[in-house]
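**Q** Take any residue in the sequence shown, note its place counting from 1, add 15, and you have its number in the working numbering.
Hints listed in this document are in silico derivations from the structure and should not be mistaken for laboratory results. For each residue, glycine too, the CB sits at the ideal point set by N, CA and C. Keep in mind that a hint or two might mislead.
What the hints assert, rightly or not - With a straight-line cut-off of 16 Å between C-alpha atoms, the simulated EDC-like cross-links for lysine to aspartate or glutamate are:
#1 171 to 87
#2 222 to 166
#3 222 to 174
#4 171 to 184
#5 146 to 189
#6 146 to 120
Stated by the list, open to error - Derived Cβ-Cβ restraints for the label pairs, each shown as a range:
#7 197 to 137: 24 to 34 Å
#8 196 to 232: 16 to 26 Å
#9 196 to 259: 45 to 55 Å
#10 226 to 116: 45 to 55 Å
#11 128 to 148: 20 to 30 Å
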Amino acid sequence: MALTKDPFLQAELANWCKDAGIDETHGLMLLNVPVHTEVAEIEEAMEAVKGLGRVQENMETWMDQARLMITECDCSEKEKRRRIVESLKGPALDIIRAVRFSYPEASALQYLEALESTFGSSESGEDLYFKFRLMRQGTGEALSEFLRRMEKTLSKVVEREGLSLRLVDKVRVEQLIRGAVNSDMMLLQLRLRERKNNPPSFLSLLKEIREAEESEAARHRMSAKAKAIHFHENERASTSVIQELKAEIEELRSQISGGEPKTLSTNNARSSALLFVRPDL
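Using the sequences and the accompanying hints, generate a full structural model.
**A** What follows is the structure, given as structure tokens:
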């Protein structure tokens, strides 16, 4: 069985996934499967693919969690290696076995480095930095969400030595100003342009943005509530006016039908009668 990168076959897979209601990013097309292949053999191959997918499709999340475990866990190095091994299957596990065979004393961090070099992105720090500088806020994307997305890429840039750690805060603010194309008013409110020479840290900046977003959301809610109240007040006022007009119409009808004397002239009375009676015609 073989995997393909042929654009035509990829398009065919995408169309099939769309018709089946499946996310195409989780789809896989296997080619050249022998006719007499047993179902058990296919299932065994798919189990191996699952192991690869666990690292490849969720590589960033998995690596972040593994690094956090290595740095924060008080357990022994042996326990850290065991946890990494137990979380892998298929080709990913084969890589770790190869590392253990060649370097029996390899650390848990070296396990991650081996997986990164095998399944991770081959982009250099400079490439990632250029990619970071091209990031833009998406349509409907909150400024805080854009900042978190930026930070994810910026962390990779620093990891691959594409940027000095001492410049991170300054570069982050610069790119936020450049890339936040849908949040000009909030940027003015935060006065980030004036603070570029003394930029806040990521957590401080995220906190400021979240507070500004919550304040803006509260203003929108209050504005919507005020508009609703104003609408209902106008509606009640309109209802009251209509009821008064109806009462006047009924009074005129009763006067006309009863032949009561009127102080108005005949023409005025006729005009008034026509004015109020006509809607019933």
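**Q** Does each hint hold? Answer for all of them.
**A** Structure-based check of all given hints:
At most 16 Å may separate the alpha-carbon atoms for a hinted pair to count; residue 171 and residue 87 exceed this at roughly 20 Å. Only pairs whose Cα atoms come within 16 Å are accepted, and residue 222 paired with residue 166 is accepted, the gap being roughly 14 Å. Proximity of residue 222 to residue 174 is assessed by CA-CA distance (about 24 Å); at most 16 Å being required, the pair is judged violated. Under the criterion of a C-alpha separation no larger than 16 Å, the hint pairing residue 171 with residue 184 is consistent with the structure, at around 15 Å.
Annotation: proposed proximity of residue 146 to residue 189 holds, straight-line Cα distance about 14 Å (limit 16 Å). Our distance criterion of 16 Å between C-alpha atoms is broken by residue 146 and residue 120, whose separation comes to about 37 Å. As the Cβ distance of residue 197 to residue 137 is approximately 32 Å, the hint placing it in 24 to 34 Å holds. Hint check: residue 196 to residue 232, Cβ distance near 20 Å, so the stated range 16 to 26 Å holds.
A hinted range of 45 to 55 Å for the beta carbons of residue 196 and residue 259 is consistent with their spacing of about 54 Å. Between residue 226 and residue 116 the beta carbon distance is about 53 Å. The supplied range of 45 to 55 Å therefore holds. At about 27 Å, the beta-carbon gap between residue 128 and residue 148 stays in the expected band of 20 to 30 Å.
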